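There are 2 protein chains.
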Amino acid sequence: MCQLLGMSANAPTDICFSWTGLMFRGGQTGPHKDGWGIAFYEGKGLREFRDPNPSATSEIARFISQYPIKSRTVISHIRQANVGDISLENTHPFIRELGGYYWCFAHNGQLKSYQDLPLGRFRPVGETDSEHAFCWLLEDVASGCNDFSSLECLGGRLYRNCLELTSRGVFNMLFTNSEYLFAYCSTKLHWITRQAPFGCASLEDGEIRVNFEEHTNPTDKVTMIVTEPLTVDEEWRQMRPGELIAFRDGEVAARWYEEGAVKLADT
Amino acid sequence: MCQLLGMSANAPTDICFSWTGLMFRGGQTGPHKDGWGIAFYEGKGLREFRDPNPSATSEIARFISQYPIKSRTVISHIRQANVGDISLENTHPFIRELGGYYWCFAHNGQLKSYQDLPLGRFRPVGETDSEHAFCWLLEDVASGCNDFSSLECLGGRLYRNCLELTSRGVFNMLFTNSEYLFAYCSTKLHWITRQAPFGCASLEDGEIRVNFEEHTNPTDKVTMIVTEPLTVDEEWRQMRPGELIAFRDGEVAARWYEEGAVKLADT
Numbered sequence: 001m002c003q004l005l006g007m008s009a010n011a012p013t014d015i016c017f018s019w020t021g022l023m024f025r026g027g028q029t030g031p032h033k034d035g036w037g038i039a040f041y042e043g044k045g046l047r048e049f050r051d052p053n054p055s056a057t058s059e060i061a062r063f064i065s066q067y068p069i070k071s072r073t074v075i076s077h078i079r080q081a082n083v084g085d086i087s088l089e090n091t092h093p094f095i096r097e098l099g100g101y102y103w104c105f106a107h108n109g110q111l112k113s114y115q116d117l118p119l120g121r122f123r124p125v126g127e128t129d130s131e132h133a134f135c136w137l138l139e140d141v142a143s144g145c146n147d148f149s150s151l152e153c154l155g156g157r158l159y160r161n162c163l164e165l166t167s168r169g170v171f172n173m174l175f176t177n178s179e180y181l182f183a184y185c186s187t188k189l190h191w192i193t194r195q196a197p198f199g200c201a202s203l204e205d206g207e208i209r210v211n212f213e214e215h216t217n218p219t220d221k222v223t224m225i226v227t228e229p230l231t232v233d234e235e236w237r238q239m240r241p242g243e244l245i246a247f248r249d250g251e252v253a254a255r256w257y258e259e260g261a262v263k264l265a266d267t
Numbered sequence: 001m002c003q004l005l006g007m008s009a010n011a012p013t014d015i016c017f018s019w020t021g022l023m024f025r026g027g028q029t030g031p032h033k034d035g036w037g038i039a040f041y042e043g044k045g046l047r048e049f050r051d052p053n054p055s056a057t058s059e060i061a062r063f064i065s066q067y068p069i070k071s072r073t074v075i076s077h078i079r080q081a082n083v084g085d086i087s088l089e090n091t092h093p094f095i096r097e098l099g100g101y102y103w104c105f106a107h108n109g110q111l112k113s114y115q116d117l118p119l120g121r122f123r124p125v126g127e128t129d130s131e132h133a134f135c136w137l138l139e140d141v142a143s144g145c146n147d148f149s150s151l152e153c154l155g156g157r158l159y160r161n162c163l164e165l166t167s168r169g170v171f172n173m174l175f176t177n178s179e180y181l182f183a184y185c186s187t188k189l190h191w192i193t194r195q196a197p198f199g200c201a202s203l204e205d206g207e208i209r210v211n212f213e214e215h216t217n218p219t220d221k222v223t224m225i226v227t228e229p230l231t232v233d234e235e236w237r238q239m240r241p242g243e244l245i246a247f248r249d250g251e252v253a254a255r256w257y258e259e260g261a262v263k264l265a266d267t
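Protein chains in written order, with the UniProt record's numbering: chain U, 1 to 267; chain W, 1 to 267.
Since the hints were derived computationally from the structure, they do not count as laboratory data. Nothing here was measured: the structure is a model prediction, and the numbers come from that model.
Chain copies aren't distinguished; within one or between two, either way the pair holds.
Simulated crosslink set (SDA-like; lysine to any residue; CA at most 25 Å straight-line): (1) K44 with E139; (2) K44 with G100; (3) K44 with W136; (4) K70 with E127; (5) K44 with A81; (6) K44 with L98; (7) K188 with V83.
For reference, chain U alone in the conformation it holds in the complex (with noise of 0.2 Å):
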């Protein structure tokens, strides 16, 4: 199995803290070693850093632990390879472009039977079910939605096809067009969304500590989602299995949790 890290943010923020205790995961405290990845929106623009090699050890993957680089929205993946080699091809995060706009998505989980799943205009590079999943994903939002920005028919669409996919097996995934940024939940991943009156933190990772208010505006609204917990001392909220949230400017936007009910803004 894999492990996601995600975040939502109304002002451009770093996430060097974060990636730090996800990054000892791949290799050091975690057996998650095989490849991992990030990508970082900056406007429409998009810039990813990948490696095959452990996280715990990859030269790269310091460097980026060291080296802030603001966003709003991030999708980051360590892997513990299932299905594909153990190359830069199957490191996850997956980008395409689509309607002008990158978009790039990350799966935890492992999925049976997904080679049945018709493809598009997308197609895999790598030997991943994840990939495929993720092609399958995006030709249907191409297909069938004509406002690729419309938080409707994409969380709609996409709630659907996910419950198609766990059928299938264990897919959790992150999946974003640099708006919305939607977590999916069959069988763990968790959120917090940090805001003012802003605390301390210290990862369950490693030996440090962050105070937030030091590293923050009063406004900001910051929202991560991981596999597990990356702190020790904060309120972490597991999802649901079965349940998709859109996250917009670090604040739910929408959730999805029965088939067909829309609940905007329901925290």
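Use these hints to put chain W onto chain U, whose structure you have.
What follows is chain W alone, placed relative to chain U:
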């Protein structure tokens, strides 16, 4: 204007020496300070680094100059903005997936009236003439080639389209599907193939000298393609305006010069 750097090699080779020379031109020995990017293929996988900051002072650029990533196909670009703001989404190289391969492109020059070049499934994320041209070129490959690895189809279509783009302005470009690295010269491109017996070379832009023999095997063939020669003590070949060359494994695989004239393996 901008500067291009490409590499095609028959064995995984690091590009630290050449990248260091190009990097200095991004705000130190040259005016190309409006962002930079570099993409490395490893098998079918691709990793990229990019920054809207000047390469000469970018911490990420310096990291890459000291961290050897071994690749057989590389495209890099330092930008001097003309069309489009200085932003992450306007940095080259541009990347899209087609047919299960990552395609990568960078452009030196400026096009007039590029907006009427018709687009299909690929859309620009930023505002540059370059990305628009790439989307147009790739759509033509997608719709016109049954076999995306056919040198004849790729090269023939690219060549015809490069002539069209040249009629709209200056269009020097690098374009690759990982296997073939296409270089088209509208006004200025130089290249060199390094192979045994390997010698020494000194950067044009910094007090750095390398003995390639210490870093290579006798069977290595490494071709570099650049806007302006990077070294002072090697003989770079100048491409002719209107010439398209396809490099593969560090060698010339084909070239197109006069309409319809395809000469395979003619150096």
